[in-house]
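> Below are the chains, spelled out letter by letter.
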Amino acid sequence: MKKSLLRTLTAVMTATVLTVPVLLTGCTKKNEQVVYVYNWGEYIDPEVLDSFTAETGIKVIYDEFETNEVMYPKVEAGAATYDVICPSDYMIQKMIENDLLAELNYANIPNIKYIGKQYLDSSEEFDPGNKYSVPYCWGTVGILYNKTMVDEPIDSWSVLWDEKYKGEILMQNSVRDAFMVALKLDGHSMNTLDDAELEQAKEKLIEQKPLVQAYVVDQVRDKMIGNEAAIGVIYSGEAIYTQRENPDLEYVIPKEGTNVWIDSWVIPKNAQNKENAEAFINYMCKPEIALKNFDFITYSTPNEAARELIEEEDIRNSEIAFPDLTKYSNLETYHYLGAEGDTKYADLWKTVKSE
Amino acid sequence: MTKILKRIYAGLILLFLYLPMFTLIVLSFNASKSRAKWGGFTFNWYQKLFHDRVMMQVLLTTLMIALISSVVACIIGTIAALAMDRMKVFTRNTLMGVTNIPMLNADIVTGISLMLLFLFFRFKFGFTTILLSHITFNIPYVILSVMPRIKKMNPSNYEAALDLGATPIYAFFKVVLPDIWPGVLSGFLMAFTMSLDDFIITHFTKGAGVDTLSTKIYAQVKKGISPEMYALSTLIFISVLVLLILINTLPSGNKDGKKEAKKA
Amino acid sequence: MKSNKYIKLLSAPYIIWAVAFIIIPLVMVFYYGLTDKDGAFTFANVLNISRPEHFKSLYLALILALISTVICMLLAYPLALILSGMKTKNDHLIVFIFILPMWMNFLLRTMAWQTLLENDGVINNVLSFLHLPTLHIINTPAAIVFGMIYNFLPFMILPLYNVISKIDVNVLNAARDLGANPVQTLTRIILPLSVPGIISGITMVFVPSLTTFVVSEMLGGSKILLIGNVIEQEFTQNSNWNLGSGLSIVLMVFIIISMVVTSIYDKEGEGNAL
Numbered sequence: 001m002k003k004s005l006l007r008t009l010t011a012v013m014t015a016t017v018l019t020v021p022v023l024l025t026g027c028t029k030k031n032e033q034v035v036y037v038y039n040w041g042e043y044i045d046p047e048v049l050d051s052f053t054a055e056t057g058i059k060v061i062y063d064e065f066e067t068n069e070v071m072y073p074k075v076e077a078g079a080a081t082y083d084v085i086c087p088s089d090y091m092i093q094k095m096i097e098n099d100l101l102a103e104l105n106y107a108n109i110p111n112i113k114y115i116g117k118q119y120l121d122s123s124e125e126f127d128p129g130n131k132y133s134v135p136y137c138w139g140t141v142g143i144l145y146n147k148t149m150v151d152e153p154i155d156s157w158s159v160l161w162d163e164k165y166k167g168e169i170l171m172q173n174s175v176r177d178a179f180m181v182a183l184k185l186d187g188h189s190m191n192t193l194d195d196a197e198l199e200q201a202k203e204k205l206i207e208q209k210p211l212v213q214a215y216v217v218d219q220v221r222d223k224m225i226g227n228e229a230a231i232g233v234i235y236s237g238e239a240i241y242t243q244r245e246n247p248d249l250e251y252v253i254p255k256e257g258t259n260v261w262i263d264s265w266v267i268p269k270n271a272q273n274k275e276n277a278e279a280f281i282n283y284m285c286k287p288e289i290a291l292k293n294f295d296f297i298t299y300s301t302p303n304e305a306a307r308e309l310i311e312e313e314d315i316r317n318s319e320i321a322f323p324d325l326t327k328y329s330n331l332e333t334y335h336y337l338g339a340e341g342d343t344k345y346a347d348l349w350k351t352v353k354s355e
Numbered sequence: 001m002t003k004i005l006k007r008i009y010a011g012l013i014l015l016f017l018y019l020p021m022f023t024l025i026v027l028s029f030n031a032s033k034s035r036a037k038w039g040g041f042t043f044n045w046y047q048k049l050f051h052d053r054v055m056m057q058v059l060l061t062t063l064m065i066a067l068i069s070s071v072v073a074c075i076i077g078t079i080a081a082l083a084m085d086r087m088k089v090f091t092r093n094t095l096m097g098v099t100n101i102p103m104l105n106a107d108i109v110t111g112i113s114l115m116l117l118f119l120f121f122r123f124k125f126g127f128t129t130i131l132l133s134h135i136t137f138n139i140p141y142v143i144l145s146v147m148p149r150i151k152k153m154n155p156s157n158y159e160a161a162l163d164l165g166a167t168p169i170y171a172f173f174k175v176v177l178p179d180i181w182p183g184v185l186s187g188f189l190m191a192f193t194m195s196l197d198d199f200i201i202t203h204f205t206k207g208a209g210v211d212t213l214s215t216k217i218y219a220q221v222k223k224g225i226s227p228e229m230y231a232l233s234t235l236i237f238i239s240v241l242v243l244l245i246l247i248n249t250l251p252s253g254n255k256d257g258k259k260e261a262k263k264a
Numbered sequence: 001m002k003s004n005k006y007i008k009l010l011s012a013p014y015i016i017w018a019v020a021f022i023i024i025p026l027v028m029v030f031y032y033g034l035t036d037k038d039g040a041f042t043f044a045n046v047l048n049i050s051r052p053e054h055f056k057s058l059y060l061a062l063i064l065a066l067i068s069t070v071i072c073m074l075l076a077y078p079l080a081l082i083l084s085g086m087k088t089k090n091d092h093l094i095v096f097i098f099i100l101p102m103w104m105n106f107l108l109r110t111m112a113w114q115t116l117l118e119n120d121g122v123i124n125n126v127l128s129f130l131h132l133p134t135l136h137i138i139n140t141p142a143a144i145v146f147g148m149i150y151n152f153l154p155f156m157i158l159p160l161y162n163v164i165s166k167i168d169v170n171v172l173n174a175a176r177d178l179g180a181n182p183v184q185t186l187t188r189i190i191l192p193l194s195v196p197g198i199i200s201g202i203t204m205v206f207v208p209s210l211t212t213f214v215v216s217e218m219l220g221g222s223k224i225l226l227i228g229n230v231i232e233q234e235f236t237q238n239s240n241w242n243l244g245s246g247l248s249i250v251l252m253v254f255i256i257i258s259m260v261v262t263s264i265y266d267k268e269g270e271g272n273a274l
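Residue numbers (our numbering), protein chains in the order written: chain A, 1 to 355; chain B, 1 to 264; chain C, 1 to 274.
With the rest of the complex left out, here is chain A (with noise of 0.2 Å):
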């Protein structure tokens, strides 16, 4: 009796602790429609993913990510499996050779027409055929500086290295941006694999580190707005919303030449809601709802019938919005420069980072 029932005790535990996961993963299993987003941070009004929900009856579950780094080995682990990721440009083309994507059923995404074309012909630099994305956002890398606590006019990377500053910089925390702005400096291509202009642009980055504040991506903005920084690397599409909150700021593209970026929606290879994800980019291309997120992001929008519809007149022609790129010089955009390309930026900017 007693040997029995101990018996069945210790099976009962045995099989309760075996069972309890195979349970818990039946629960989370619903019914419902859903698409997983994986998105830069802050980067769409939430009131958007609310209406698409309304009106799609789709379920969105929205996790962000911090650099398109961050966001690269969780795709490529399949740890998380996600429907539509928003990477930007070289983080496409990796993903493409890689192959990562799935390419896009545009029946289902018939607003894609209300893209300009000349987003989609630039498109075609990563990813050839425009099989594989949907453009979002778009713009350039420049730095952003607090008139009260910068003196002079500002128009050049240099000024990252003035000692004067040092203590009020903020750098931006990713490999790619941080390199492009040493070898734009040096007037070498942002996409170098040269090891000697590479080497060079790593002892400016060193040489810079004593005078920068931190190194942070999205956190330049609030940064900025409190006055924490003088001088902070940003991306063009924060301009705006950082000088609605405090107007003693002001942005410049260097002289020296940039970053263009496109961040685009891919849908990834695993993804399991294929169609409920072609949904979702279909709903960010209709110029209502690309306005709604414009006015809340305020990066420039590749969407030209959104563009058409924003009521202010100097944001709808803004030089920050919606910059005349033929004005610029020295414009690059990203590329993927293979496996090694990346083990090699990635070391160089361990070393600055370790210094």
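FYI, nobody ran anything at the bench for these hints, they're computed from the structure. All C-beta atoms in this analysis are idealised placements derived from N, C-alpha and C, irrespective of residue type, glycine included. You may find that some hints are simply not true.
As the list claims (entries may be wrong) - Here chain B is said to cover these stretches of chain C; the calculated rule only asks that three of the stretch's residues, wherever they fall, bring their Cβ under 8 Å from a Cβ of chain B: (1) 115 to 129; (2) 213 to 220; (3) 234 to 247.
What the hints assert, rightly or not - In silico EDC-like pairs for lysine to aspartate or glutamate, Cα to Cα no more than 16 Å straight-line: (4) C:K37 x A:E76; (5) A:K344 x C:E53; (6) B:K33 x A:E355; (7) A:K223 x C:E53; (8) A:K286 x A:E313; (9) A:K223 x A:D195; (10) B:K48 x A:D151; (11) B:K33 x A:D347; (12) B:K33 x A:E340; (13) C:K37 x A:E340; (14) B:K124 x A:E76; (15) C:K8 x B:D85; (16) C:K56 x A:D347; (17) C:K56 x A:E355.
Let chain A serve as the given structure and place chains B and C on it in line with the hints.
Showing chains B and C alone in chain A's frame:
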């Protein structure tokens, strides 16, 4: 004189430990979204908090994981501790050594090792993987707080119950469990707290669309924390504080439970 | 007991759990750490610690962890003495007071220090209001040490308090009766008796300080790489699991050393009561 100095010293350390709490509580009433500026007093964030579906979902996930993981850890841990008490010294020490691993090993290594395991066996990352990880690092806290109780327990009580005709199950619930209950309880509290406060292991084992408070805050730290988070943390902090004061001031508390809390 | 054998069987669920979620995962770390991308055996990942960047990050982490452990100890020991001397009826309350901060999330607490320590932060505003020199430690190793001390101090206080408050008052009285002055009582009686607490406190502060990546990231402005940051980035940014695992193995060597030290001094497992 020395008494005053002693009090001042203890007070300073407490100030050091609680200064950030006060900062966060103050920030939760700050009308300005930026933590660098004071924009006037407001209850706004508290109102917003309760209407924020995402925040409520995150809170629910966090509490569910903390609760389920500590209950499961208590069951497995208590039973294991009872069994380990009867083992040969070598077996017991070996098992205790293994038990110590998640406690003494670095969180980052524990997190990575579990991530590699889940990837290798193609688990779908999400609620389940977080829960399994939390149970894993919670069990040792339970075992370590139950063990001393079992050692102190008089085995003849259990024997006597059996001799008097009780079934082992009955004897376990009527004799053994009440004896070790304070240990189980403090193990549970410890496990719950650890689960609630964990970031690193969750960071490596979470999946798409599932967030605990920790991982949500980590994401928010990077892009600017929404003041609702301060409000939520303030509420959690205040409710625990109130609970604590109640337990300590109500004279007719569960004496045993109170006494044991110090073991935690 | 007659049913010994079957009671032992009750440990089966835990043993299965421990093998599945403690042993096998660690084996996986060793597997990845000792192989290259193609699965061939290699020591390269472990030896990679000698690369200047990695070695520097490990060295810096060791130094900072050491400093914060020592400071924690110097802060916590007098406090534990004071607390155990209070002989309050509510001694469990004392423990609660030190655990309570953990209910406000660790990341939020650390971020609060960011707000307090910033150049334009709360503390500096107070200091400049009082016409005192301002503090510029945010984004420096000093701020990281500060964060470590803050976050891990309770782990030092609790084991020390546990051990010291359990010292038999009669022993102390006997020492006094035999003519020992307070200093002698402290160094000859209390200190030796509290060794298990000290050791346990040291490991509980040293290991998390050595391996943290969050504190250094948040209070160091991502300007300072500790070994924890390097490992984290190998996994979350560079997708190099082999290197990340290899460096984790190196890290574990230091943890094992502290585990061995703990088990030598702490045979009773009392200090672990935390």
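> When the hints from earlier in the document are held up against this structure, which numbers fail?
The structure conflicts with hints 6, 7, 8, 9, 10, 11 and 12, although it agrees with all the remaining ones.
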